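Taken in order, these protein sequences are the chains called L and W.
Throughout, our numbering is defined as the position within the first sequence, counted from one, plus 85.
Throughout, our numbering is defined as the position within the second sequence, counted from one, plus 29.
Treat the hints with caution; some may be incorrect.
Unchecked claim - Okay, the calculated beta carbon distance ranges per label pair:
| # | chain 1 | residue 1 | chain 2 | residue 2 | range |
| --- | --- | --- | --- | --- | --- |
| 1 | L | 343 | W | 286 | 50 to 60 Å |
| 2 | W | 221 | L | 331 | 44 to 54 Å |
| 3 | W | 278 | L | 211 | 47 to 57 Å |
To be verified - Just a few of them, taken from the derived set where beta-carbon distance is under 8 Å, the chain L residues facing chain W:
| # | residue |
| --- | --- |
| 4 | 90 |
| 5 | 93 |
| 6 | 95 |
For the record, the hints were derived by calculation from the structure and aren't laboratory data.
It should be emphasised that the depicted structure is a prediction, and the values quoted were computed from it without experimental measurement.
Virtual Cβ for every residue (Gly too), placed ideally from N, Cα, C.
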Amino acid sequence: MMPHILCPGCGHGIVLQALLRAVASLELDPDRVAVVAGIGCSSRLAGYVDFCTLHATHGRAPAFATGLKLARPELTVIVITGDGDGLAIGGNHLIHAARRNIDLLCLLFNNAVYGMTGGQVAPTTPQGSRATTAPRGNPEPPFDACRLMIAAGATFVARGLAYEPLTLQHLCMEGLRHPGFAFIDVLSDCPEFFGRYNRLGRGPEMLLSQKRRTTAVGPLLARKPALEGAQVATAPALPTGVLHRETRPEFTRLLLAQQGEGFP
Amino acid sequence: MSEGSVLIVGVGGQGVLLASDLLATVCLDAGLDVKKSEVHGMAQRGGVVISHVRFGAWVHSPLVEEGQADALVALEWAEALRWSAFLRPGGALIVDPVQIVPPAACADRRTWTSRYPPMDPPSTGGRGPQLCLIPAQALAKAAGVARAANVVLLGALSTRLDFPPAAWEEAIRRLVPAAVVEANLRAFAAGRDADPLPLPPPGPRVAPGGERRFAVAVVSAWCKGCDICVRICPQDCLRLDSLGLVRVTAPERCTGCRLCELLCPDFAITVGEEGGAVVV
Chain L
86 MMPHILCPGC
96 GHGIVLQALL
106 RAVASLELDP
116 DRVAVVAGIG
126 CSSRLAGYVD
136 FCTLHATHGR
146 APAFATGLKL
156 ARPELTVIVI
166 TGDGDGLAIG
176 GNHLIHAARR
186 NIDLLCLLFN
196 NAVYGMTGGQ
206 VAPTTPQGSR
216 ATTAPRGNPE
226 PPFDACRLMI
236 AAGATFVARG
246 LAYEPLTLQH
256 LCMEGLRHPG
266 FAFIDVLSDC
276 PEFFGRYNRL
286 GRGPEMLLSQ
296 KRRTTAVGPL
306 LARKPALEGA
316 QVATAPALPT
326 GVLHRETRPE
336 FTRLLLAQQG
346 EGFP
Chain W
30 MSEGSVLIVG
40 VGGQGVLLAS
50 DLLATVCLDA
60 GLDVKKSEVH
70 GMAQRGGVVI
80 SHVRFGAWVH
90 SPLVEEGQAD
100 ALVALEWAEA
110 LRWSAFLRPG
120 GALIVDPVQI
130 VPPAACADRR
140 TWTSRYPPMD
150 PPSTGGRGPQ
160 LCLIPAQALA
170 KAAGVARAAN
180 VVLLGALSTR
190 LDFPPAAWEE
200 AIRRLVPAAV
210 VEANLRAFAA
220 GRDADPLPLP
230 PPGPRVAPGG
240 ERRFAVAVVS
250 AWCKGCDICV
260 RICPQDCLRL
270 DSLGLVRVTA
280 PERCTGCRLC
290 ELLCPDFAIT
300 VGEEGGAVVV
C-alpha cells in the first residue's frame, strides 16, 4: 500500500499522521473507529488506515457517516473530506450534519483547489488566485469554512495547520472527545496545482507560508476559551485554534431517547 | 527601619513586580512615602526584571543608586551577582540560589550544556554583604504554589524590616489572586522561618541525563524527496542525495526534536533514541 498516492510535498500525509497520533493517544480501539471519506485526494487517505473504513460517493461522506453513527452509535466516526468534496459537492450534507449536531469528527483538508481532478477552482480558492478553470484569476470570494460551520450549528469548530502537527493532534483529540458535531478546517497544501499555478513554491515553501497567513488563538489552543464570533469576522488573518465551542443535545441520543431505547 | 531602599531582581515570570507591589503596599499602609521604579515587560523573552523600592518619611527619587541598597532580593543566582554592586556595605543579599540558564547561554542543543559560568558568591563579612541563601523555590513548592518563591523571599526580607507580619499578610490577601492566597501565606511563613543554606551554592548545571544521541531512520522506499524535512531540520542533519531521496548526513547533530518525523507527509522518517527501539 505504501508509499501513498499523494504528490511529493502534499500536506495531507502530515494531517493524517496527526489524526493517527490523536487516535493512538486517546487509546481508541481501532476496531471501534470508523473513517468515512468521500472523493478526492484527502478522501483517498481512508484507504491507508487500519480502522473500519467507508469510501463513500462524492460529497456524501457526512450523510453516510450520519447513517453509520445512527446504526452503530458506539463507534467513533471520523469524516475525512476535502474542501471541494465537503463545501461544494457535499455542502448540503455538511451543513445538515452540523445542524443536527450528530457526534462526528469532521476533518476538512483545505488545500484551496480540486487537486485530484486537475486543479479546478474550489469554493475555498482565494479570490484572485489562478486555477486551471480560472486562468485570469478566480473572480469569486472564497468560503470561510469555520464561519460557515459555526452558522450551521456545529458545536465544536477549530482550524489547524499542517505546519503545526502537534497542535493539530491536540485539536483532533479535543474534537474526538467532544460530544457532538466537531469540525476542524485543516489548512493543507497542494504544491502540484495550487502552488505551481500561483508560483507559491513547492511543499516546503507552501508549508512555511501557512504561518504567515494565520494568527493563532493562544498557544495551547485546545485549552483556551473559544473566540467570539465577532472576533472571527474582524481578525486580520485566518484565525487558528478552537474558534467555537458550545453544548447542545446530541442527535443520536435524542433519537434513541425518542424511540425509548437507552444509549448503549 | 523607617526608611530604606530595596532592590528586587529576577528573571521574567518569577514575580518580581508582585513582590515589589507587596513591599510597597506594606510601606504605604505603615504611613510611609514610597516610590517604586521597575524594568518590566521582559517576561516573554525570559529577560531580566528589576524593581526598585524606596520608602521613608519623604522619598525624592525612586531609583536606588549603586552602593545604596539596604537589601537585594534576588530570585535567581546570576541576577543576584549581577546586581550585588548595588548593595551598601553590610547590606542584606537575600537570594534563591536557583539557576535559570538564558537561551543565549545554551552551548549545545543536543546535550543542553550551557555557558552559565560557575560563579563564586560575593565575599561576606566585614564590609561585604550579609548573604542569606534561601531555597525559595523548594519552599514555595512545599507550600503548595511553586510560583510563590517571590513571597518566600519577602518572608525572609520581612525579618529584617520593622513591619509586623500581620501587615504583610494583609498585603498578600489584597494583592495575590484569591485562589492562591492561603498557599502564599504559607509560603510567607516558610520564608520567615527559613534557615539560610550554607555556602557555597550548587555548582554549574550539567546536562540532564547526560549526553543523548538520536537515530533518524528513513524508509527510502516511501520517501518522495519533497524536501520538507531537509528544509525544516534546525540542525541541518538531512540532505537529498543524487536520486532526490533523503539521507541522514549528520546524525551526530540530531537533538531529537522530531520535526522531520512530524512533518514528513510520507511517514518515511522515524526518530528514536539511539539504543532504543527504532521501528523501520
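Cross-check of the supplied hints:
1. 343(L) with 286(W): 50 to 60 Å: Given about 52 Å between the Cβ atoms, the range holds.
2. 221(W) with 331(L): 44 to 54 Å: holds (49 Å)
3. 278(W) with 211(L): 47 to 57 Å: violated (38 Å)
4. 90: violated (11 Å)
5. 93: At about 4 Å, which falls below the 8 Å cut-off, the nearest Cβ of chain W leaves the hint on residue 93(L) intact, so it holds.
6. 95: For residue 95(L), the interface hint holds, since the closest Cβ of chain W sits about 6 Å away, which is under 8 Å.
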